[in-house]
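Those protein sequence lines, which keep their order, are chains G and Z.
The opening position of the first sequence corresponds to residue 1 in my numbering, with each subsequent residue numbered one higher.
The opening position of the second sequence corresponds to residue 388 in my numbering, with each subsequent residue numbered one higher.
Think of the hints as simulated: they come from the structure by calculation, not from any bench.
Yeah, the Cβ is synthetic: ideal placement off N, Cα and C, and Gly gets one too.
Watch out, some of these pointers could steer you wrong.
Covered stretches of chain G (in silico footprint by chain Z; criterion: 3 or more residues with CB under 8 angstroms from a CB of chain Z, positions within the stretch not fixed) [to be verified]:
1) 259 to 265
2) 282 to 295
3) 317 to 328
Covered stretches of chain Z, going by a simulated chain G footprint (3 or more residues, C-beta under 8 angstroms) [as the list claims (entries may be wrong)]:
4) 456 to 467
5) 550 to 560
6) 668 to 674
7) 679 to 686
For the chain G half of the interface with chain Z, some residues (derived, Cβ under 7 angstroms), not all of them [said to hold, decoys possible]:
8) L70
9) D252
10) S254
11) T255
12) R349
There are 2 protein chains.
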Amino acid sequence: MTRRLSLFGATGSVGQSTLDLVRRDGDSWQVAVLTANSDVAELAKLAKEFRPAVAVIADEARYADLAEALAGTGIEAAAGADALVAAARAPTDLVMAAIVGCAGLAPTMAALEAGTPVALANKEALVSAGELMTAAARASGAPILPVDSEHNAIFQCLAGGRIEQVRRIILTASGGPFRTMSAADMARVTPAEAVAHPNWSMGAKISVDSATMMNKGLELIEAYHLFPVGLDRIEILVHPQSVIHSLVEYVDCSTLAQLGSPDMRIPIASALAWPDRMATPCAPLDLAGIARLDFEAPDEVRFPATALCRAAIAEGGARPAQLNAANEVAVAAFLAGRISFPAIVDTVRRVLDAAAPATPASLHDIFSVDASSRAAASHFVDQYEHA
Amino acid sequence: MTRRLSLFGATGSVGQSTLDLVRRDGDSWQVAVLTANSDVAELAKLAKEFRPAVAVIADEARYADLAEALAGTGIEAAAGADALVAAARAPTDLVMAAIVGCAGLAPTMAALEAGTPVALANKEALVSAGELMTAAARASGAPILPVDSEHNAIFQCLAGGRIEQVRRIILTASGGPFRTMSAADMARVTPAEAVAHPNWSMGAKISVDSATMMNKGLELIEAYHLFPVGLDRIEILVHPQSVIHSLVEYVDCSTLAQLGSPDMRIPIASALAWPDRMATPCAPLDLAGIARLDFEAPDEVRFPATALCRAAIAEGGARPAQLNAANEVAVAAFLAGRISFPAIVDTVRRVLDAAAPATPASLHDIFSVDASSRAAASHFVDQYEHA
């Protein structure tokens, strides 16, 4: 049976991996929507290959280029934020939400409100607007299928059980490239050192988040929303090899874990095929070859980001959106050479300390918190730069 | 809701662990049957505590003792093999089959034929009569819930999936106490050294089987019957810490694993409560405390038992029953100081080489193979002793 897939963020890493799987299993899929942020050439190329009904470019200034590239193909060209939301409301069997950052929030909400199952690779949306998104999903009955490798692991470990039977969720963390580095040395790390992740090949933002362990803190917030077991039942465990992607401990002390090679096509395939499974060309796990897996408790003194995230979601309201926005600005400033590595998490802390916005009641409120937190973070970045 | 439990092998290790869980969760259970091999005093004590309708002692010579001990309690006393089978046919919600060795075969078959779900802790029964047992379960629709920690792990990892989606089953093995020992040194090991298992506290027979890795070979045969993925899709992986109890790899290269402390109450609770879960007093897993898990390929030169088992189940028919019977005799001879440690597996090989009985079509045929193989094994043991 052919299923319709709408892919938001087709030209990014998760988007390309998704299309790699669809390409190998073409008879099973009919691509309904493809979107990209600004890469018209790549979007047009993918559209000509996968023949969606509509292709949307987020950057409105590029509409004419897209329309020209798709002229005569029968594929509708569209552009802008409203077009993204309209495309997310179009009937489809699965939305892959792979837009990076808050830009993905509005179309993902639109899909959930329409009752469409969403494969969610957009961490920031869930961090900033977790209450609104999970409420929308509950109201329409749309399932959220996590694509992040850790959350997909937890989702798989829950497949044979019930959330009430869970004693503990254990989110594994590689510990990043500076796991064994002293705090003094961390003050001197460069952007190039920070983006060199030991296990996964990822974008610069998420690689820096992994180095500060802010990524794991954001995933803690994500897990809190996706798996309602209570914050005190979600723990972080450092596991440098990133082979066990997360674990679920049940009330009988049975612990289930999902393991795999560091290939995003594995969790993507899990979300695409759910509740079935589909073949992938990924490398099977060779535990005898890997020989050894290590585990250690996280060090929240050298890596204070996870404690900051835990406090933010415990307080709730606008806190996670504030934290996420401040972190995006601080990471960009670090990558631009404007602030030091430890100043990333310090900037986030200062933004949280400086203001406590009211609990957001709508996406509009979320965007306001996002904007004011970015402004505050920029202010603190300027102070660092001129200190 | 109260469920009726019939426990075969109440005084053994699995039986006592089962009753420990039932004792803690008394309102959920009504014990219908308790049986023991020969320990009348313990059986009578347990019967007075758990108040089954009937208590059966396998050794007929002890009937009078049991009847006297239960006089005036209203609990029926019974004895002998036929009484065991009759008790297994009595209506109940779950049979825990925890009798050790081939003695458990007839009552377990009776329960399966009656359509009763069976929690199976009796490895030898499935090894010797796997075809007959799984055919009986299929015919009546009775589920077999594996209690062996490895098979229970696989069963749990399959809960969210389908057997057709399985790419590989990976059965973990501790490697036993002689994992790193040279073949020359193994020729000199004593029974005391062989029964000192590094991770689990178990009986002498299974500890020796673990030392020869025959236990893993028997578990391979067990897995072959329980999880019909084909023999070439079942692998053995040495994992000295015994924390990961086994793994299931799916077609998408997602691998699920079950982990836990080495406490048999965890898989027993899983089988008792299935498809739900029940709380246990077991120690939660502390991976940061454990710090490290190791993996290596099995060495079938120093440990030839697993290859012997793989060949036996590949050939099928009477081979597994022959192998199991020969191994029981050889292990007993080793424990009695009559043969060397390497002679255990050699004895089994000789028995398999010496005769190829016809495929058993009934339990009677299985018992014939069992008897002739024991006789052959005893013959080879005598030869060793007088060599």
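Tested hints:
With 4 residues having a Cβ less than 8 angstroms from any Cβ of chain Z, the stretch 259 to 265 of chain G passes the three-residue criterion, so the hint holds. Residues of the stretch 282 to 295 of chain G lying with their CB closer than 8 angstroms to a CB of chain Z number 12, which satisfies the three-residue condition for coverage. With a cut-off of 8 angstroms between beta carbons, the stretch 317 to 328 of chain G has 0 residues touching chain Z; three or more are needed, and the interface restraint is violated. Only when three residues or more bring their CB closer than 8 angstroms to a CB of chain G does the claim for the stretch 456 to 467 of chain Z stand; here the count is 0, and the claim is violated.
For the stretch 550 to 560 of chain Z, the stated coverage by chain G holds: 4 residues have a C-beta nearer than 8 angstroms to a C-beta of that chain, and at least 3 were required. For the stretch 668 to 674 of chain Z, the stated coverage by chain G is satisfied: 5 residues place a CB nearer than 8 angstroms to a CB of that chain, which reaches the threshold of 3. Coverage of the stretch 679 to 686 of chain Z by chain G holds. Counting CB-CB distances below 8 angstroms, 6 residues qualify, and the rule asks for three or more. Against a cut-off of 7 angstroms between C-beta atoms, the interface hint on L70 (chain G) is violated, since the closest Cβ of chain Z lies about 33 angstroms away.
Satisfaction of the interface hint for D252 (chain G) is found here, the shortest Cβ-Cβ separation to chain Z being roughly 4 angstroms, below the 7 angstroms cut-off. For S254 (chain G), the suggested interface contact is upheld, since its CB lies about 6 angstroms from the closest CB of chain Z, less than 7 angstroms. Restraint check, T255 (chain G) versus chain Z: the minimum CB separation of about 4 angstroms is within 7 angstroms; hint holds. Because the beta carbon of R349 (chain G) sits about 26 angstroms from the nearest beta carbon in chain Z, more than 7 angstroms, this interface hint is broken.
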